[in-house]
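Undergrad: Sequence:
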Amino acid sequence: MSGLRVLVTGASGYVGGRLVPALLKQEAEVCCLARTPAKLNAATWRSSVEVAQGDVGGPLAKTMKGVDVAVYLVHSIGQGTGWADREQRDAWNFAREAADANVRRIVYLGGLGRDGDALSRHLQSRHDVGRLLASTGVEVVELRAGVIIGSGSASFEMLRYLVEVLPVMVTPRWVETRCQPIAIADIVTLLVDAVSRPGDLRGVYDVGGPDVVTYAEMMAIYADIAGLARRRLIRVPLLTPGLSSHWVGLVTPVPVPLARELVESLVNEVTVQGRPATEAFSVAPMGLREAIRRALAATRDDNVPTSFVDADLVHFRPAATDPDWSGGTVLKDVRSVMTSADSDQVFACLEQIGGEKGWYSGEWLWRVRGVMDQLIGGPGLRRGRRATLRVGEALDFWRVEDLTPGRRLSLHAEMRLPGEAWLSWDLEPLASGTKITQTALFRPRGLLGRLYWLGVAPFHRFVFPGMLAGLASDAEASARRCP
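FYI, the numbering for the sequence shown is 1 to 483, going by our numbering.
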């Protein structure tokens with residue numbers, strides 16, 4: 001693969017973040033297309049790739065110049081009511097730009113399902129995207145996969161939380177639908193092979209592991225491997241996908257809009273029925289038990305290089321459609337404190353905030369707010385956080401928007417709100433320590449947004465001072481331990 005120039009879209013996402021280092025290992029010349037290049041700064045492979053700022057739906061002539069193979073890993077599943085139309089517009093634009101730039105091959109990861117079936121909106125859109133990518137004459141290799149098992153994948157996290165949290169589950173009919181899961185490691189191997197293999201490979205290839213199981217059987221296998229007691233399932237035939245998605249959103253870190261699309265797709269049987277990828281590519285997929293074993297081990301060791309929450313979850317963000325007079329005002333809560341700890345010590349404590357450590361003050365209020373958020377379709381606090389923060393990282397129901405070591409941490413809220421909210425800390429080094437400025441910003445949307453701010457303001461007066469004081473105290477304790 002040496003000398004092959006590969007454009008990877010979705011490099012900050014779950015699959016893309018694992019594919020890039022695999023391509024670099026094969027000595028490919030990799031360029032990543034990213035809407036927010038800063039999200040890639042913390043990747044261990046960042047210095048080994050080119051990064052072009054842009055979007056698959058925008059102009060790409062400069063980015064695609066000299067590209068041999070383009071890998072299409074982007075999707076808009078669940079991101080607003082028109083997400084499927086957006087997917088198709090983006091695919092058509094990408095295909096035209098690739099044809100104009102004489103790109104030799106597009107490798108696309110789509111979804112399983114028979115074309116003649118009444119597919120879910122998610123699977124139908126995946127198939128439509130594949131057809132549009134192939135419509136301009138560029139050689140397209142479409143790999144259709146179903147349930148992907150790997151630490152941090154949406155499918156695995158949904159499975160893990162359902163089984164670990166609920167010893168008894170009320171289940172709908174879709175738990176009896178058959179699927180053919182495949183490990184994320186095998187998906188990456190297939191993608192690398194599809195990028196590098198010579199000859200004309202154009203066509204659709206079905207991808208799946210050796211085991212065909214129902215979702216109920218998959219849950220039983222997970223429980224066995226995780227050492228849990230046998231889970232009991234109570235079938236309720238009339239439990240709709242909509243109700244199921246709210247239940248999944250409450251119990252797991254998968255937000256309701258995404259859960260709904262995944263649940264609706266589980267109604268379709270997703271097994272290898274067309275041309276199997278194993279006929280054309282060099283991969284012998286591992287079994288389901290081994291895939292779950294590896295994913296569970298990586299999760300327990302906090303060795304999760306990418307997660308489904310790394311992607312921009314636009315459906316958590318309210319649309320800015322109000323006139324200026326109804327939401328132009330930015331409401332603030334600004335507080336400062338002096339500490340004898342230096343800015344690096346303060347920042348080290350700040351980087352640990354959230355997740356299991358918590359928020360220094362009013363923990364029960366944070367938990368209540370998290371449950372309320374999940375009940376109305378937000379992410380809640382179940383997403384937690386990874387050990388090391390980076391721009392674009394999910395942190396409970398926040399996302400890291402800005403991170404400057406020793407200086408600043410800014411979080412953007414992805415909880416359900418009648419407006420937009422930010423929480424940030426700015427550190428000013430002084431001769432005798434550090435000044436910490438904590439700022440909560442809220443841009444309300446309409447009258448409901450203003451009423452919301454007034455309603456939570458009394459709790460802010462309790463939580464925010466305690467949070468700031470706790471951060472300063474923690475930093476000073478750290479400074480005493482490590483003078």
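Don't take each hint at face value.
As the list claims (entries may be wrong) - Once the Cα atoms are required to be at most 25 angstroms apart in a straight line, the calculated SDA-like pairs of lysine to any residue come out as: (1) Lys435 <-> Leu454; (2) Lys332 <-> Thr189; (3) Lys435 <-> Ala297; (4) Lys62 <-> Gly82; (5) Lys25 <-> Val51; (6) Lys65 <-> Ala134; (7) Lys25 <-> Arg5; (8) Lys25 <-> Ala134; (9) Lys357 <-> Glu401; (10) Lys65 <-> Arg89; (11) Lys25 <-> Arg390; (12) Lys332 <-> Gly370; (13) Lys357 <-> Glu476; (14) Lys65 <-> Ala84; (15) Lys332 <-> Trp366; (16) Lys25 <-> Lys65; (17) Lys357 <-> Glu217; (18) Lys25 <-> Ala43; (19) Lys332 <-> Ser410; (20) Lys25 <-> Ser410; (21) Lys435 <-> Pro465; (22) Lys62 <-> Gly116; (23) Lys25 <-> Lys435.
What the hints assert, rightly or not - What follows is a set of in silico ranges between Cβ atoms, one per label pair, in the way DEER data are often shown: (24) Val371 <-> Asp344: 34 to 42 angstroms; (25) Asp55 <-> Gly227: 41 to 49 angstroms; (26) Ala61 <-> Gly203: 26 to 34 angstroms; (27) Arg86 <-> Glu351: 18 to 26 angstroms; (28) Ala118 <-> Asp55: 30 to 38 angstroms; (29) Arg293 <-> Leu448: 41 to 49 angstroms.
Hints in this document: simulated from the structure, not taken from any laboratory.
Each residue gets a CB set at the ideal place from its N, CA and C atoms; glycine is no exception.
Undergrad: Give me the numbers of the hints this structure contradicts, sorted from smallest to largest.
TA: 1, 2, 3, 4, 8, 14, 17, 20, 22, 23 and 27
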